[in-house]
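Protein sequence lines correspond, in order, to chains S and Z.
Here the working numbering is used: the first residue of the first sequence is 2, the next is one more, and so on.
Here the working numbering is used: the first residue of the second sequence is 2, the next is one more, and so on.
Treat the hints loosely; a few may be bogus.
Pairs involving identical chains hold if they fit within one copy or between any two copies, as the list cannot separate such chains.
[Stated by the list, open to error] In silico PhoX-like cross-links for lysine-lysine, where the CA-CA straight-line distance does not exceed 20 Å:
| # | residue 1 | residue 2 |
| --- | --- | --- |
| 1 | K185 | K205 |
| 2 | K155 | K87 |
| 3 | K185 | K245 |
| 4 | K134 | K190 |
| 5 | K182 | K205 |
| 6 | K147 | K89 |
| 7 | K188 | K116 |
| 8 | K245 | K182 |
Calculated from the structure, these hints are not laboratory results.
Residues per chain, in single letters:
Protein chains: 2
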Amino acid sequence: MQRYIITNESIALPNFIITGDDYYHIKTVMRMRLNDKVYLCNQERTWIAEITAITNDAILLKEVEEIIENQELPYEVCIAEGAVRKEKIEEVIDYLSELGASRYISVQMERSIVKSDASKMDKKAIRYQKIAKEATEQSHRKKVMKIDINVSWKELLKEKDNYDLCLFASVQSDENDSLKKLLKTRKYKNILFVVGPEAGISEKETKDLLENGFLPITLGPRVLRTQVAPTYIMAALSYEWEGKE
Amino acid sequence: MQRYIITNESIALPNFIITGDDYYHIKTVMRMRLNDKVYLCNQERTWIAEITAITNDAILLKEVEEIIENQELPYEVCIAEGAVRKEKIEEVIDYLSELGASRYISVQMERSIVKSDASKMDKKAIRYQKIAKEATEQSHRKKVMKIDINVSWKELLKEKDNYDLCLFASVQSDENDSLKKLLKTRKYKNILFVVGPEAGISEKETKDLLENGFLPITLGPRVLRTQVAPTYIMAALSYEWEGKE
Numbered sequence: 002m003q004r005y006i007i008t009n010e011s012i013a014l015p016n017f018i019i020t021g022d023d024y025y026h027i028k029t030v031m032r033m034r035l036n037d038k039v040y041l042c043n044q045e046r047t048w049i050a051e052i053t054a055i056t057n058d059a060i061l062l063k064e065v066e067e068i069i070e071n072q073e074l075p076y077e078v079c080i081a082e083g084a085v086r087k088e089k090i091e092e093v094i095d096y097l098s099e100l101g102a103s104r105y106i107s108v109q110m111e112r113s114i115v116k117s118d119a120s121k122m123d124k125k126a127i128r129y130q131k132i133a134k135e136a137t138e139q140s141h142r143k144k145v146m147k148i149d150i151n152v153s154w155k156e157l158l159k160e161k162d163n164y165d166l167c168l169f170a171s172v173q174s175d176e177n178d179s180l181k182k183l184l185k186t187r188k189y190k191n192i193l194f195v196v197g198p199e200a201g202i203s204e205k206e207t208k209d210l211l212e213n214g215f216l217p218i219t220l221g222p223r224v225l226r227t228q229v230a231p232t233y234i235m236a237a238l239s240y241e242w243e244g245k246e
Numbered sequence: 002m003q004r005y006i007i008t009n010e011s012i013a014l015p016n017f018i019i020t021g022d023d024y025y026h027i028k029t030v031m032r033m034r035l036n037d038k039v040y041l042c043n044q045e046r047t048w049i050a051e052i053t054a055i056t057n058d059a060i061l062l063k064e065v066e067e068i069i070e071n072q073e074l075p076y077e078v079c080i081a082e083g084a085v086r087k088e089k090i091e092e093v094i095d096y097l098s099e100l101g102a103s104r105y106i107s108v109q110m111e112r113s114i115v116k117s118d119a120s121k122m123d124k125k126a127i128r129y130q131k132i133a134k135e136a137t138e139q140s141h142r143k144k145v146m147k148i149d150i151n152v153s154w155k156e157l158l159k160e161k162d163n164y165d166l167c168l169f170a171s172v173q174s175d176e177n178d179s180l181k182k183l184l185k186t187r188k189y190k191n192i193l194f195v196v197g198p199e200a201g202i203s204e205k206e207t208k209d210l211l212e213n214g215f216l217p218i219t220l221g222p223r224v225l226r227t228q229v230a231p232t233y234i235m236a237a238l239s240y241e242w243e244g245k246e
């Protein structure tokens with residue numbers, strides 16, 4: 002059954018009204034008819050609803066039942082990544098949304114090959130948010146990942162005040178803790194994890210991170226590309242937090 | 002420093018001779034010169050070597066030193082996936098190679114949208130193996146993942162004899178074990194993990210798997226697409242096996 006994330010303006014329990022992109026998707030892409038059912042959810046609740054009318058610009062639906070489900074990780078995770086090419090950002094946003102991340106920050110770092118172009122940022126932000134929404138629906142999550150692009154290095158460092166545990170991906174070294182050890186020895190309610198761009202985190206940036214209390218973490222002995230590392234992190238956290246023993 | 006996986010024919014210690022694609026890469030893409038250094042490795046060993054001559058069809062190198070490194074997971078992991086589109090297979094092969102998988106099987110399953118076309122298989126196999134080799138080099142592994150494509154469902158089921166622990170990805174259910182629980186309660190030296198195509202594993206296939214001793218495993222409460230599930234599995238295994246506590 003198809004799933005749509007709706008805004009609170011669409012909800013007038015026991016009725017729902019859908020317009021815009023989702024209207025087009027239900028009517029034209031899925032070719033649904035009267036009495037067809039879909040899942041509808043906002044950030045907190047999920048309903049099964051039935052189509053009661055299809056007009057020229059809206060779908061009306063009625064609640065069949067509310068269902069209880071929880072697809073969210075127990076803790077909030079923000080991945081901050083050095084700015085990379087648009088196609089790679091899109092791939093990462095897709096994977097992270099599906100794997101339960103709550104926020105993604107694209108940061109201008111020293112070794113980012115892609116430089117910011119303010120004129121294109123609005124258009125990009127809309128596109129990225131659309132990818133996140135679709136991946137969220139596909140994965141049956143309810144909360145769409147928040148996305149911040151074109152964030153400066155200075156702004157990123159300030160984010161440390163918003164997170165209990167601030168980490169960065171680092172090459173293997175005997176001095177670095179593994180993610181496994183850290184999760185078992187620290188207390189936290191949310192995590193900020195910094196990953197470098199293709200060419201890695203610079204020496205100056207590493208110094209900044211250490212001085213601001215970010216901890217270097219090893220993600221295994223293999224060298225992971227910048228789009229694989231965020232996926233690795235989210236999968237490892239899900240394994241640790243959601244795997245019943 | 003650039004890294005190349007070489008065949009044993011290239012090794013005549015303390016000398017090495019490189020021809021073919023890697024010759025082209027060293028000479029034309031990287032524009033290396035005499036005395037430049039590279040990493041060379043076969044399945045077991047890694048050397049730093051220095052270029053001693055560049056001819057019209059070969060690069061000659063001499064050993065500087067052998068280095069000891071281990072980027073392989075402690076256990077062999079084979080991911081078998083329902084046949085999906087070429088681009089998705091390529092993405093999965095790239096990610097899995099980088100994350101330490103030892104083998105990938107593309108299986109004809111009931112809900113595979115892509116049907117096999119024997120005439121194109123040889124060309125595809127060569128391309129997939131090239132992607133695996135490049136991802137292996139990039140990640141600093143030495144062993145290139147083995148790839149089997151166009152494998153029938155019957156052949157896949159027989160693979161159970163080659164693996165200690167045979168698993169398949171299944172939707173969340175209270176009856177299914179988590180991967181975490183399973184890894185802590187079972188003994189194994191290698192793992193075979195079956196993942197469905199986009200539309201999932203069919204009921205008949207689920208029955209076959211259960212009858213052949215494959216165990217259903219939950220990969221968290223979110224619905225993962227077929228190209229994300231293999232990455233999740235490999236990251237979780239690396240986290241569990243390679244994270245020092």
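> How do K147 and K89 come out at 20 Å by Cα distance, when the copy is not named: within, between, both, or neither?
Replying inline: within (17 Å within a copy, 26 Å between copies)
>> I want to check one pair: K134 and K190. Are their C-alpha atoms no more than 20 Å apart within a copy, between two copies, both, or neither?
In response: neither (24 Å within a copy, 40 Å between copies)
>> Treating 20 Å as the Cα threshold, decide for K185 and K205: within, between, both or neither.
In response: So K185 and K205 fail the 20 Å test inside a copy (30 Å) and across (41 Å) alike.
> When no copy is named, should K245 and K182 be tagged within, between, both, or neither for a Cα gap of at most 20 Å?
Replying inline: Intra 18 Å, inter 6 Å, cutoff 20 Å: intra and inter.
>> Treating 20 Å as the Cα threshold, decide for K155 and K87: within, between, both or neither.
In response: neither (22 Å within a copy, 42 Å between copies)
> At most 20 Å between C-alpha atoms: does K188 with K116 qualify within a copy, between copies, both, or neither?
Replying inline: Neither, since 37 Å and 50 Å both go past 20 Å.
> When no copy is specified for K182 and K205, does a C-alpha distance of 20 Å or less occur within a copy, between copies, both, or neither?
Replying inline: Result: close neither inside a copy nor across copies, 27 Å intra and 42 Å inter.
> When no copy is named, should K185 and K245 be tagged within, between, both, or neither for a Cα gap of at most 20 Å?
Replying inline: Cα proximity of K185 and K245: in one copy and across copies (15 Å, 11 Å).
In this structure, the hints that do not hold are numbers 1, 2, 4, 5, 7, in rising order.
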